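*Asks:* Listed in order, the protein sequences are those of chains A and B.
Positions 1 to 369 (the numbering used here) are the ones given, in order, by the first sequence.
Positions 1001 to 1271 (the numbering used here) are the ones given, in order, by the second sequence.
Don't take every hint at face value.
What the hints assert, rightly or not - Pulled a few chain B residues facing chain A out of the computed Cβ check, cut under 10 Å:
id, residue
1, Leu1162
2, Asp1164
3, Ala1166
4, Leu1168
5, Asp1169
6, Ala1175
7, His1179
8, Arg1186
Hints are computed from structural coordinates only; laboratory data are not their basis.
No experiment lies behind these values; they were computed from the predicted model shown.
Built from N, CA and C at the ideal position, the CB exists for glycine as well.
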Amino acid sequence: MIEPALRFAGVGKSYGSARILEDLDLEIAEGEFFVLLGPSGCGKTTLLRMTAGLQTIDRGEIYLRGAPLSPIPPERRNIAMVFQDYALYPHMTVYGNMAFGLRRHGHDKTETDARVRRTAALLGIEPLLDRRPHQISGGQQQRVALGRAIARDPVLYLMDEPLSNLDAQVRASVRTEIKELQRRLGVTTLYVTHDQVEAMTLGDRMAVLNDGAIQQAGRPIDIYREPANEFVARFLATPRLNLLEGTLEHSNGSIVVRTPVGAFAWTQPPRSLPATAKVRVGMRPEEIKISFDVAAAGASLPIRLIETLGSQVLVFADFDGGELTVSIPADAMPHDAQRIAIVPSGSIVHVFDHAGGAALGHFVAGGEG
Amino acid sequence: MIRRCASYAVLVAGLIPLLLPFYWMALTSLKPKREVFTAVPQWWPAHPAWDNYRSAWVAEPFAGFFFNSIVVTASIVALQLALASLAAFALSRFEFRGRSLIFWIIVAALIVPVQITFIANFMTLAHLGLLNTYAALVAPYAASAFGTFLLRQAFAAVPRQLEDAARLDGCSGLAFLWHVLLPLSRPTVLAFALVAVVTHWNDYFWPLIVTNNNAVRTLPIGLGMFVGQEVTTDWNLLMAASIFVSAPMLLLFFLMQRYFVQSQLRTGIRG
Chain A
1 MIEPALRFAG VGKSYGSARI LEDLDLEIAE GEFFVLLGPS GCGKTTLLRM
51 TAGLQTIDRG EIYLRGAPLS PIPPERRNIA MVFQDYALYP HMTVYGNMAF
101 GLRRHGHDKT ETDARVRRTA ALLGIEPLLD RRPHQISGGQ QQRVALGRAI
151 ARDPVLYLMD EPLSNLDAQV RASVRTEIKE LQRRLGVTTL YVTHDQVEAM
201 TLGDRMAVLN DGAIQQAGRP IDIYREPANE FVARFLATPR LNLLEGTLEH
251 SNGSIVVRTP VGAFAWTQPP RSLPATAKVR VGMRPEEIKI SFDVAAAGAS
301 LPIRLIETLG SQVLVFADFD GGELTVSIPA DAMPHDAQRI AIVPSGSIVH
351 VFDHAGGAAL GHFVAGGEG
Chain B
1001 MIRRCASYAV LVAGLIPLLL PFYWMALTSL KPKREVFTAV PQWWPAHPAW
1051 DNYRSAWVAE PFAGFFFNSI VVTASIVALQ LALASLAAFA LSRFEFRGRS
1101 LIFWIIVAAL IVPVQITFIA NFMTLAHLGL LNTYAALVAP YAASAFGTFL
1151 LRQAFAAVPR QLEDAARLDG CSGLAFLWHV LLPLSRPTVL AFALVAVVTH
1201 WNDYFWPLIV TNNNAVRTLP IGLGMFVGQE VTTDWNLLMA ASIFVSAPML
1251 LLFFLMQRYF VQSQLRTGIR G
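Hey, can you work out the whole structure from these sequences and the hints?
*Replies:* Structure, rendered in structure tokens:
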């Protein structure tokens, strides 16, 4: 078996009696771009800081290429970190910022100079080398912070929400840049964010964290398609997940999921499905099929509000007991629409346990049941 | 234009009472003795007596006093900076029991007038047999509550992420203090050092009570020697001596003034 680049074995952290991190296990392969996704306070930054050695591990151990990390002080772990606030030394030039760690790690002037210049060329920041951090833009500062990490040539990059202080446009371009750089350099990367778009676009694999525990780990697209529980489904929905009360009705081998907005036919339900009748039903705005031909449909919902995002339109419609959010392409939106009808066939439905929130199954609804 | 002239007029009006004593000092230092007290104030030295400076310099052992003042002031300021940085480093970046208590004791020490410590310090030095030494002049001022307080505030303003970044760069503990905290707090360090230099260069009372020997006496005491010999104070010589005693401080202010103007802490963090 190939030793993973980074392995968390029963890693836990507590502050007093509060458990910040449950004992968690995770393996990250060599060269992998791994994203930790979760809301603030879920413990993802703590996990990152423990890997860097900036915080102690209370339980378990972290292994870097098979070697336990806890006996090694942070500066000797051969790990580089990129911070949310860039954390550049304000009194040093860009060159000084990139050279400082190299010099402290015992590289001589010639070697340091060569590495700084090579990295600056890679990132296209050569013209900035003599500037100070406050003289360059936020995007450039974050590029320098990346450069500082790259110049160190570590075996692992840790990135703590490196994009969250950037403007939307700059963020998108630096995001692409990070992805390309990581591909090119092939260095294992552990990336922390609360932004699902970053997680989906950057991660080879990702783990969703909540309350100090891993909710689900895997490829982003798999997690998106088959969220393990209600929390993961809610976290990977924009702008929000529609959660409906539902009931399961068995009828000769297939199941009908009845909700306040319609009935969805589950043609191939898993055999292990519990006999419970009450469930919770999750549908993302983009997973609901609708029609504006309300005369043909049996039931329809009044439109309360329409938000135009450009290529997409968000339709907010009322139903008995709540509000439904649906996302459709802008060109599919008639001007004078007053009501929408839900089209069950083709809609994607996630069924969750009513009590615990664990996923019972995911399906594309068949024709009306 | 009129507004501009008006504001300059106000500034000049304010400047006159500030500069007048200095002018009078310089003026008197150049007057022959008989012109010092004239019935009608004389605003220009009719017969500049440059010789006053030479006479003042040799009237008392000023070369020795100069040397002593430099040694004492430099020692005090160096010790204050060293101790205050270390204490401020501990108080701002380390977690330990009693940290805030210690900090508040230091803040409380700022309220205590220095004169209250004179008798106790004098007795201690006398018992240790250290009167009439440099140690007597330096030791009581080696630690500065004010400096510790100022530097703690400056260090505490340096973001945590910068410390984390430095640790990963292989720069923790005292290296972090030296390479990151102190350079980032340079405006504060310089402002404090300047105040300390001026305070201890000009200090008169403490050196007066712990020394009675010209070998260790400092400049302000040398100045004091011109006064008080009955009514025969040589004002022109006293003023000449005052000029060369205060000249280093004036020079220091001119050299350092740009740091006052552009003293701001750039944190290097977005904002």
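*Asks:* Next step is simple, just say for each hint if it's right about the structure.
*Replies:* Hints, one by one, checked against the model:
1. Leu1162: With a closest approach of 5 Å, the Leu1162 of chain B hint holds.
2. Asp1164: Since the shortest Cβ distance to chain A is 5 Å, the answer is holds.
3. Ala1166: 8 Å, holds
4. Leu1168: 5 Å, holds
5. Asp1169: Since chain A brings a Cβ to about 3 Å from Asp1169 of chain B, closer than 10 Å, the hint holds.
6. Ala1175: 8 Å, holds
7. His1179: 8 Å, holds
8. Arg1186: Given a least distance of 8 Å, the restraint on Arg1186 of chain B holds.
Going down the numbered hints, you'll see the structure goes against none, and every one checks out.
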